[in-house]
Each structure stands twice: as C-alpha cells, then as structure tokens.
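Visitor: Dock the two chains into a complex; use the hints.
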Amino acid sequence: MDKLLYNFFKELKFDDGEIETLVEQSPVLEELSVDEASENLNILISFGYPVDDLTYIIAMNPGFLCRNSEELKNDLKKLANEYDDIEQALKNDPFLI
Amino acid sequence: MAKIQITKDFLINTLKLTDEQAEYYYSKIEKSSFHAILNQSKQMWLDKIDFYKNEVGLSLDQILNYFTLLVLELSEKPSSANKRIEYYKTELGFTKKQFQKIPNIITSDTFSSPEENPTSIQAKVKFFKTELGFTNKQLKTTPSLLSYDCILEDINNPTSIRSKIKFYKDTLGFTNKQFQILPNLLTSDCSSDEGVPTSIRAKIKFYKDTLGFTNKQFQQFPTLLCYDTYNEKNKTSVIRKIKFYKEILGLTNENLQKFPTLLGLDCDENSENPKSVIKKLTILNEIGITLADIQNNPRILMCPTADLKIKYALWATMFPDKSYMKINGWFVTSPEKIYARYMYIKHDLGLNSTPRQLDESEPEFKRQFKATSNDLMKLYPLNENAIDQIYETYSSLKIEPPLQKD
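Residue numbers (our numbering), protein chains in the order written: chain F, 1 to 97; chain W, 98 to 503.
Chain W extracted, bound-state conformation (with noise of 0.2 Å):
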C-alpha cells in the first residue's frame, strides 16, 4: 500500500491554510473516490497548484474544491492537464474568466473526437455549432454549456440540452436566433413547473397573466426570462419595473408590449445611477422632450442621449408645431443627414419638407429628390456653425424648458 505524503500538517504548514480549511478539504479527499491523490508527492502537488494558478488563474480555494484536477498529469500526453487547457485556449479561444467560471471543465475529456466519445468536449462543441449555429463566443459567454449532456437523444431527461432546445421551440417559438442571442437560456431550469418561481415556466406564466406578452414579445427578446419575476424586494426585479413604469411614467401594458427591452433597462430610483432611466429622464427633461413625449413614443429611452439634444433641437426648429412626433421615432435617424436633407430641400428646391419626407429611406429619398444623402451631408455639413444656428433659433421660439448648449 502507498504511503500517504499529504498530510493535514502540509495543508496548513506548507499551503499555508487554516485548520478548519485543512480539516475540511483533507475530510472531503480522504472520503472520495480520488483519495489516491493523498498519495502524490509534495512537489507533485506543489507543481500543479503553480500550474493551475499561473495558467488559469485558479485560486488555492478553487483547486482544492476541484481536488480532481489534482489527478490529472502535467506532461505531453493529450490526456495531461496541459494538453487540455491548450485546447480549450486554441480552439475555443478560452482565456482565465472561463476557467475561473468553471474549473473543472478542465477534467473533461477534450482528447477524443465525437466518434470515439459522443460525450467528449469535441462532441459537446460539434453539437453545439452544427445544431445552434453557435460560435466560439456563445461557448466563451456561457462556458458551463460544455458541462450538460447534449449528445443524448433522450429528450425526456429534463436536463439534457437537448430537452431544453425542444422546450423552448415548443413552448415559444425560439429557433437558433434566441440561443445564439442569449446562450445562457440553456442552462435555466425548463423543467420545473409554475410553482417554482425561479422556473422559466413560473417567469412565462408571469409575463402572460401580468402584462399580456405572447410568444412574440419572448422570441424578441429572449433575456426577459433571465429577470426576476418574483421577488419585489429585489431592486432589479421587473415587478418593481413594471411599478416603475406604470406609476411613474404612466405608461401601459401596450407598451411594454411593443417595447418588452425596456423591461431590461435599469429603473434604480438613484439618479446618480449612470444606468438608471431616472438619470435618462432627467436628461430628456433638461433637453425639453416632456413626459407626454416619452408616453407616446417609449422607446426614447433605449436611445443614447449623446445626439438627442441637437436632434430635438433640429426637429423643434424645423417644425415648431411638433409634427414631427408623429413619424415613428424622430430620433432614429442621424441629425447630420435630417439637417442635409432638410436644406437640400429648402435651398435647393425650394420647397417645404414634410417630417415624413425627411425621414424617408435612403433609397425613398433618392427617388422622390434624385440626391444622395451623403452627397447632401457633403455640401451642408452640421458643423460648428450650423449647431449654433439650430440653437439660437431654438431659443428664439421660447419653447420651455430653454436648451443649455454643452
């Protein structure tokens, strides 16, 4: 019989561990399956915990929750550790985040090809490209997909991607597009029925009952069911959000609807939050866009405040009847080609635009005025001088709140 060489007294003296740590791991190895590892050398021992700090970034804690990484080789085979975290860095471009997510992806087999091991990394990946569409990246986002079994046909085991895959396709109409978009789906629980709150089928059965949502508002996007739909307490819970966006901004189950994203924007009440809708509220306030605005067209919110200052003010001088709040989203297209358009049209041609025709198409614009619009961005940029211009009229027409020039 081998004799044991790590010791408790290694643990703490050598590894420089507590001794309730020591107790703890040294229990949990001694009693497993892998208390073989106990008969490695220190220097073995003391070599791979280089190793795995150094290459992957693994801490001290991590190795020893994930003592079998401790069995495997450091040497040239393909078996080795080396070998392995090699093929996970050159084919899959992992880098130390995905090792640290979960480390002991290192102890799966990625030596074998899917015919030689259908349930080996290769074949976890073949699958996951050929019947996903996926990449390098939807793997490096959510690492953790290489640890479920996605090679059995068997769709009845509730945990298998697979079964996972045909629950979403049923239940909501999501093709590769939903997975690709948003990888982690695959690794919620899809099994659980509506009284497990944190199951997407409880989160489905919330959307549904609380705001209407069909499969068409899930299909666009996906990350509604990564919310919380069930602990108001939480600050980023969507029944806060809902709250938020109903009492607050009064708007309606109709828009959220139309616009299920803006149940993924941040309502935190703080507005020093620079995520938070308070702080954008306040934004657009400031620049004059008023609640009644934002009422009838919600998706301003999702849009950067960056430009949206110069396009209100551009839209406003243009048109100081508002009409321009009738096309779909003024603040959609780029106020360096609205203004191009708007003065092709008036100098050139001679004629009033309509906001209609200023937000046309590129190729509806080129048909109705036979230019181009970057020809037209060419010949009246909204420089310096232009911006002033637009800001000064602005002011001139007293529409409150007065725009602040940056």
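Looking at chain F on its own, in the form it has when it is part of the complex (with noise of 0.2 Å):
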C-alpha cells in the first residue's frame, strides 16, 4: 500500500488490523496513491460530507475510495437531487456511493 496512504489512514485513526481489514475489503486500496484516494474524499467533501467524520463512511464502505472519480461526481450530483439532506443520507446508509 502507498505509504502515504497508510499514514492518511493511521491519521484518520484507524489501527493497522483496521486497515488490513479494509484492503480485504475493497483490494483495489492496495494499488490506490493518495492523490487518488484524496480525488474521491475531496468530491465528498465538496457535496457537503463533513471532513471530522471521514473516518466513519471509510470503515463502512472503503470502496467509495476505489471508484472512477467522475461516477462518483454523478452519483453524488443524483443524490443531492433525491436527498435534501446527503450528510444524514450517508450516514444512515454509507452504500449509497
């Protein structure tokens, strides 16, 4: 794994069984920069995702991280149509991207 993606993560609080897990999870993660990685949790963030619980939607569904960045804008753009509300939308369910 890109080294400083493992620190992001580590800073993100997340100990190293927990990032085991999640390169398990999403094997993609394993090949993932942190440019890339950063590229997705920046589109998130700038649909109103709240960066002090970034940890939260990366424990439950780390393959949002993994995606073609574009689709991911999309998505997002249809959600914020179908959600007033996309921080309390991802939060009640993380699959949603």
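To be clear, the hints were calculated from the coordinates, so they are not data collected in a lab. Check each hint, because a few of them may be wrong.
What the hints assert, rightly or not - Cβ-Cβ distance ranges computed for the label pairs, FRET-style:
id, chain 1, residue 1, chain 2, residue 2, range
1, W, 329, F, 17, 22 to 28 Å
2, F, 42, W, 480, 26 to 32 Å
3, W, 173, F, 38, 34 to 40 Å
4, F, 92, W, 272, 18 to 24 Å
5, W, 173, F, 82, 51 to 57 Å
6, W, 118, F, 92, 55 to 61 Å
7, W, 489, F, 82, 20 to 26 Å
8, W, 379, F, 84, 25 to 31 Å
9, W, 426, F, 84, 17 to 23 Å
10, F, 38, W, 143, 41 to 47 Å
11, F, 71, W, 173, 35 to 41 Å
If you're wondering where the values come from, they're calculated on a predicted model, not measured in any experiment. Glycine included, each C-beta is placed from N, C-alpha and C at the ideal position.
Guide: See below:
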C-alpha cells in the first residue's frame, strides 16, 4: 500500500488491523495512491460530507475510494437531487456511493 | 539445421538447476512449438535471464515456466521485451508486483493500436477504460484481466469479459461501480452452475438461501462473492462467520442483511489476531459497550476503536439514561464536534440538548442553532482538560465496567 495512504488512514485513527481489513474488503486500496483517494474524498466533501466524520464512511464502505471519480461525482449529483441532506443520507446508508 | 546451443548440461552447470528440474524444463521446451529457443546462444539466454530478473523481478523458475519469454528479443524494436515492459511501466504504472503475478503478460502484443489488432493490450486497456470506467489502479490490482478475451462480441463465450459483465448486470443488477471496487469479479467463474461450489452462481444461491440476501447486498458489498461459502473447515469461510455472529453475538439474518460488510470482518477466535472481531469485542467490552448495544447497532464492529472510548464516555456523561443509543449511530460523528455542540447549547444558549440535535447534519445544526461546528470546535476544543473532566464525570456515574484512561 502507498505509504502516504497508510499514513492518512492512521491519521484517521485506523489501527494496523483495521487498515488490513479495509484492504481485504477493497483490494484496489492496495494499488491506490493518496492522490487518487484524496480526489474522491474531496468530491465527497464538496457535496457536504463533513471532513471530521470521514473515518466513519471509510470504515463502512471503503470501496468508494476506489471508484472512478467522474462516476462518483455523477452519483453524488443524483443523490443531492434525491436527498435534502446528503450527510444524513450517507450516514444512514454509506452504500449509496 | 541450426545447432542446439542450450543443453541440459547448461541448465545444470550454468543455471544451477537440479537434474530433475533440468529434465522437466528441457523436455517441456523441446516438445513445445518454441523449441527453436534452444538454438539461441548461451550468452543470449544469460542476458535475457538477467534482464527478466532485474527488470521485472522474475525468478529463474518463473522464467523457465514461461519460457516463451525467452523468444522475445532484447532490442529497441517495438516488439522487443524491453519495449513491452516499458509500455506496462509507463502507460499502466506496473511494477515488479504486477509482472510477478502474471509473467506471461509480457509476451502479449503491447505495440499494436486497437485498430491494428483488436486483441492487443492497447485494445484491452481501451476496453476496460471506456466500457467500465477503469483507471490504472484496477488493472494494477488485477493485471490478469489483460489476459482475458474482452474484445469478442460473442457473449456466448463464457470466459470472455463481456459475457461476465453481462452476467453480473443481468443477474445482480451490477453497474460499473461494483467492477471498479472489485475488478477481480471479472476473473471469477460465472458460467458453471450452482453445483460447482466455487462458482459465482453457487455463492449467490448460498447467500440467498442461508441469509435471505437479495441483489441489494451484493450491490452494496460485492466482495461477498469472493468468500468461501462451502468449506466450513476453512477458518475464513462465511459459514463459520455466520455461525459466529449468530451463536456468539446473537445477531440475526436481518442484521447481516442490513450490514453485509460484517461478513468481511475476520471472525478468527484467536483474540491475539489484531484484525479479529473477538479482539474488537474485548476492547468494546472494556469500554463498557454491552452485547445488547452491539446487537442494537452491529455496525459498531466496523468502526475504528481508537476514539470509541472517549465517544462512549462523552455520550454516557451527557445522557446517562442511554437515550443516545436510539440515534442512528452515536459513534458516527466525531467526539470533538459533539462536545463543542453540547457545550455551546448548554453554556451559550442555556438549553438542554437532545442526542438527535447533537448528531444533526451540519446544515441542519446551523439552521437550528445559527452556529457552525468548526467555529464551535475552536470555542470548545476537546482538549486534555476536557477529556479528563469527561472521564471524571463518567467515573462518578458508576457505570459498569469502569473506564480505564489510556
């Protein structure tokens, strides 16, 4: 795994065992760069998901980090039209993305 | 007729193979349609072996197993081994790791455009990128995808990528999203029927019959389809995990339907395993989170444990009646934010807050209380003093078991 991405997960308070579990659930994380992960995280934040609560959504659904950024953005646009409150929607169902 | 340069003696004396290894590889090469490589000079073999060892990290065994690698020239021609490897490295970001997973990918045509050769690597890369929205990260995770036939329109060829995509889309309602998250879905056996326990069809049937799963769970967590659903002796099998969740934790099919990712956790009963749910349970128990709390909201098992202790103590001191357990996920929001909001409502507005108000989304909180969490966190930081105060209050509440401060 990209050392910077590993450090980023550590900053988000994941321990080594939890990081290993994330990679087992989403093997693409093994090849993901921190820049690629940041791109998707920034898209999520730009739609109103709070920076302080990123740990939670990554723990529940790490797969969204591995998605094609353009497609993620389009899905979030659709969700923004569907839900008044995207933060609550994603906290209730992290698999919406 | 060209004279054979490479002999069994060369394999034994120069390459230091055992007699058995030399016999095995020599006869394999001799019987193949590439036996002409035995006519190459010894120096040429040594140069190529060195090249593959150094450039892509292959072992001698791998090189001899995939002996067609030795057919390729080392030169500046587009079809040479060097140029092919350069393509993978520069265009796809491959490292030694990818070549070691699938050494014979080097022998594929990397130099023809999709128009010149619809089965070339360039054509396959174009296919994955345009059809499935892949980037290099998916191809690096599963480089073997590039060895599959993805160009043929004939979806009746069950091993073709197109037929697999069609299967997942038709059977489970998958979109590009699931393939981007888990590209190795496309290397699985989608054509065998349910009687073959390792097949995707058998796995789908297992989850549907055993847990009442619908397409929704597979769409949410496609990794389910990678797990062993048939061999209970396998420590990581889903059968054992289901048994663990039901018998030890008292979870239900409904719990697992709601949180299918629980099946992605390690249920190894060895509490020393840092990934195991057992270890997590021990930590949760130390914090004071009961089995009933877990049954009420099992996704707590997927949350990092690092700040759970302060989250729990914070909520427990604010609402000793445990009313916060009724909100969707008291552990979902950062303790810094919850603390700042609570202090603001209490001290600045002189009001009592509810768990729901503290856990509101940012826009909703701002609408109700005319303040932003960022500003409040600066005003009421969850610093060392605040944390000490919270633990002190928590201890005075005499909630069992008592919290130990780190």
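Visitor: Each hint should be assessed against the structure and marked as holding or not.
Guide: Hint-by-hint comparison with the structure:
no.: 1; hint: W:329 / F:17: 22 to 28 Å; verdict: holds, 24 Å
no.: 2; hint: F:42 / W:480: 26 to 32 Å; verdict: holds, 28 Å
no.: 3; hint: W:173 / F:38: 34 to 40 Å; verdict: holds, 38 Å
no.: 4; hint: F:92 / W:272: 18 to 24 Å; verdict: holds, 21 Å
no.: 5; hint: W:173 / F:82: 51 to 57 Å; verdict: holds, 56 Å
no.: 6; hint: W:118 / F:92: 55 to 61 Å; verdict: holds, 60 Å
no.: 7; hint: W:489 / F:82: 20 to 26 Å; verdict: violated, 45 Å
no.: 8; hint: W:379 / F:84: 25 to 31 Å; verdict: violated, 40 Å
no.: 9; hint: W:426 / F:84: 17 to 23 Å; verdict: holds, 19 Å
no.: 10; hint: F:38 / W:143: 41 to 47 Å; verdict: holds, 45 Å
no.: 11; hint: F:71 / W:173: 35 to 41 Å; verdict: holds, 39 Å
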